[in-house]
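Engineer: Residue numbers (numbering that gives the first Met the number 0), protein chains in the order written: chain D, 0 to 143; chain V, 0 to 143; chain X, 0 to 143; chain F, 0 to 143.
Please keep in mind that the hints were generated in silico from the structure rather than gathered at the bench.
Incorrect hints may have been included.
In silico lysine to aspartate or glutamate, DMTMM-like type, Cα no more than 25 Å apart, as pairs [unchecked claim]:
(1) K55/F <-> D4/X
(2) K55/X <-> D124/F
(3) K55/F <-> E14/X
(4) K55/X <-> E14/F
(5) K25/V <-> D43/V
(6) K55/D <-> D124/V
(7) K25/V <-> D124/V
Number of protein chains: 4
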Amino acid sequence: MIAPDAAVLAARRAEMVALFDTAPIKHHFGMVLTYDEQGSAVFDLPYNPALDHALKGTHGGALATLLDNAGWFTVAPYFDTWIATVEFSVRLHQPVARTHLTARGELVRLGRRLSVARMEVRTPDGALVATGAGTFTVTSAVRI
Amino acid sequence: MIAPDAAVLAARRAEMVALFDTAPIKHHFGMVLTYDEQGSAVFDLPYNPALDHALKGTHGGALATLLDNAGWFTVAPYFDTWIATVEFSVRLHQPVARTHLTARGELVRLGRRLSVARMEVRTPDGALVATGAGTFTVTSAVRI
Amino acid sequence: MIAPDAAVLAARRAEMVALFDTAPIKHHFGMVLTYDEQGSAVFDLPYNPALDHALKGTHGGALATLLDNAGWFTVAPYFDTWIATVEFSVRLHQPVARTHLTARGELVRLGRRLSVARMEVRTPDGALVATGAGTFTVTSAVRI
Amino acid sequence: MIAPDAAVLAARRAEMVALFDTAPIKHHFGMVLTYDEQGSAVFDLPYNPALDHALKGTHGGALATLLDNAGWFTVAPYFDTWIATVEFSVRLHQPVARTHLTARGELVRLGRRLSVARMEVRTPDGALVATGAGTFTVTSAVRI
Numbered sequence: 000m001i002a003p004d005a006a007v008l009a010a011r012r013a014e015m016v017a018l019f020d021t022a023p024i025k026h027h028f029g030m031v032l033t034y035d036e037q038g039s040a041v042f043d044l045p046y047n048p049a050l051d052h053a054l055k056g057t058h059g060g061a062l063a064t065l066l067d068n069a070g071w072f073t074v075a076p077y078f079d080t081w082i083a084t085v086e087f088s089v090r091l092h093q094p095v096a097r098t099h100l101t102a103r104g105e106l107v108r109l110g111r112r113l114s115v116a117r118m119e120v121r122t123p124d125g126a127l128v129a130t131g132a133g134t135f136t137v138t139s140a141v142r143i
Numbered sequence: 000m001i002a003p004d005a006a007v008l009a010a011r012r013a014e015m016v017a018l019f020d021t022a023p024i025k026h027h028f029g030m031v032l033t034y035d036e037q038g039s040a041v042f043d044l045p046y047n048p049a050l051d052h053a054l055k056g057t058h059g060g061a062l063a064t065l066l067d068n069a070g071w072f073t074v075a076p077y078f079d080t081w082i083a084t085v086e087f088s089v090r091l092h093q094p095v096a097r098t099h100l101t102a103r104g105e106l107v108r109l110g111r112r113l114s115v116a117r118m119e120v121r122t123p124d125g126a127l128v129a130t131g132a133g134t135f136t137v138t139s140a141v142r143i
Numbered sequence: 000m001i002a003p004d005a006a007v008l009a010a011r012r013a014e015m016v017a018l019f020d021t022a023p024i025k026h027h028f029g030m031v032l033t034y035d036e037q038g039s040a041v042f043d044l045p046y047n048p049a050l051d052h053a054l055k056g057t058h059g060g061a062l063a064t065l066l067d068n069a070g071w072f073t074v075a076p077y078f079d080t081w082i083a084t085v086e087f088s089v090r091l092h093q094p095v096a097r098t099h100l101t102a103r104g105e106l107v108r109l110g111r112r113l114s115v116a117r118m119e120v121r122t123p124d125g126a127l128v129a130t131g132a133g134t135f136t137v138t139s140a141v142r143i
Numbered sequence: 000m001i002a003p004d005a006a007v008l009a010a011r012r013a014e015m016v017a018l019f020d021t022a023p024i025k026h027h028f029g030m031v032l033t034y035d036e037q038g039s040a041v042f043d044l045p046y047n048p049a050l051d052h053a054l055k056g057t058h059g060g061a062l063a064t065l066l067d068n069a070g071w072f073t074v075a076p077y078f079d080t081w082i083a084t085v086e087f088s089v090r091l092h093q094p095v096a097r098t099h100l101t102a103r104g105e106l107v108r109l110g111r112r113l114s115v116a117r118m119e120v121r122t123p124d125g126a127l128v129a130t131g132a133g134t135f136t137v138t139s140a141v142r143i
């Protein structure tokens, strides 16, 4: 697949940031989306005690949410219809507690219908907390 | 590995339900844990609009959280120290919106150090929303 | 998606068995395909020392091949064009050596474009050697 | 975990190459193991028609075998006992036929007991055929 040109991608990434601001889960978790210079989606999640599990570390589901988001929002700007997550894997490398987390996606394969991204979550000091990869499919749903 | 006897497992499952009640994320999502007659962990999540994504469906991260929980709490009662999720996979079969969700785990392999469970999420009418499987490891952390 | 009727499925399964007989890897490994009464693809692999790894157990790649096959051939009869494996996961539960292996697929989700199966490999005494799941997509390639 | 020093790693990688030469599957597939300057295991598989599926492309199981190998042999030199593959995922990006394939591993996380690698398979012109990642565990089996 041929990627859209840089101006289109930049415009769509700006739209994605605006879109994400309308997502209830953004506010419920406290996540912030930006895009880095390579066009990767970056999600910051300042420590939110409401996402702790019973042993008071950050729940793996919060890490999975960051990974899914990082992949989805890295891939989505390449398409003019909505995409859907088909599947993703999560590998948890170390427990984390009471820390800011940053997730980042990276496009691995851009396909006409199916694309693949890999994702990671790190702490501010660079420790690798979780990695994953996922498959995303285009849908017929037209973006507004 | 030889599983603990039924009375021990029943007692630990009751402890797990009490433990989960102390998890901040339980209350932030609105999840309820029970165990079924086979000893599988069952998580109910009544529709919580705060977990919607921007297109107003339930975020895949919420489904991943349910899957992780269903596997972890199915496996945990078999051990007298804490377990940790090593990895899990998530396959999303259909988008869902504005619906109660129920996740269930099933023990696939009980090992001395590494165990495997599979998990699923369904709607009240039985539609299969997501499936997954995961690997869980014992840790040296003693349960209180 | 509505599944084809039973007669069509039965005919396609018979075609699949014939097709697999033309696969060079079938003969290189020594695999045999049948379908069980539920329509699941079953692959038998009598012990083949050529598939041993250096420590003289059966190589995980042979187990992965069985899993991929069990999923692909369980899903394929539902479609009138070829399908392709999008992704699959492999969990290895115990090392095996010098034994016959049997893999079996199970349809989890039948979709218009994307389907999911889960798969397992057992020894003749029923020990669970490996489990997996995968996503399969229809392609536009017409079956002959 | 602290990695062994460079001389130890270099010696173990040389042992691994010798070890792999004793693997029956090496010869059955026609795979060649080397290590690159970063210490990643590299597997070359010249086109072997015996690994074709019925449609005469390279079977996904052969790709999975390369991925598993690339991860296992990248991680193994860091330990003085044998390791075992716990699980790995496989994503197939495009069908391939009649071509040399090269797989490469990359260490993602080195742990005392559990380590993670990611792996990829490319054609000679650099096309990305498959990606994966896996978890590997130390065992108590002493290397000879």
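Engineer: Does each hint hold? Answer for all of them.
Structural biologist: Here is how each hint holds up against the structure:
For the hint linking K55/F to D4/X, the alpha-carbon distance of about 29 Å lies beyond 25 Å, and the restraint is violated. Between the alpha carbons of K55/X and D124/F the distance comes to roughly 34 Å, so the proposed pair goes past 25 Å and is violated. For the hint linking K55/F to E14/X, the alpha-carbon distance of about 17 Å falls within 25 Å, and the restraint holds. Proposed proximity of K55/X and E14/F is supported: the alpha carbons are some 17 Å apart, at most 25 Å.
For the hint pairing K25/V with D43/V, the CA-to-CA distance comes to about 10 Å; that is within 25 Å, so the pair holds. Restraint check for K55/D and D124/V: the C-alpha separation of about 34 Å exceeds 25 Å, so the hint is violated. Between K25/V and D124/V the alpha-carbon distance is near 24 Å, which keeps this suggested pair within the 25 Å criterion.
In summary, the numbered hints that this structure violates are 1, 2 and 6.
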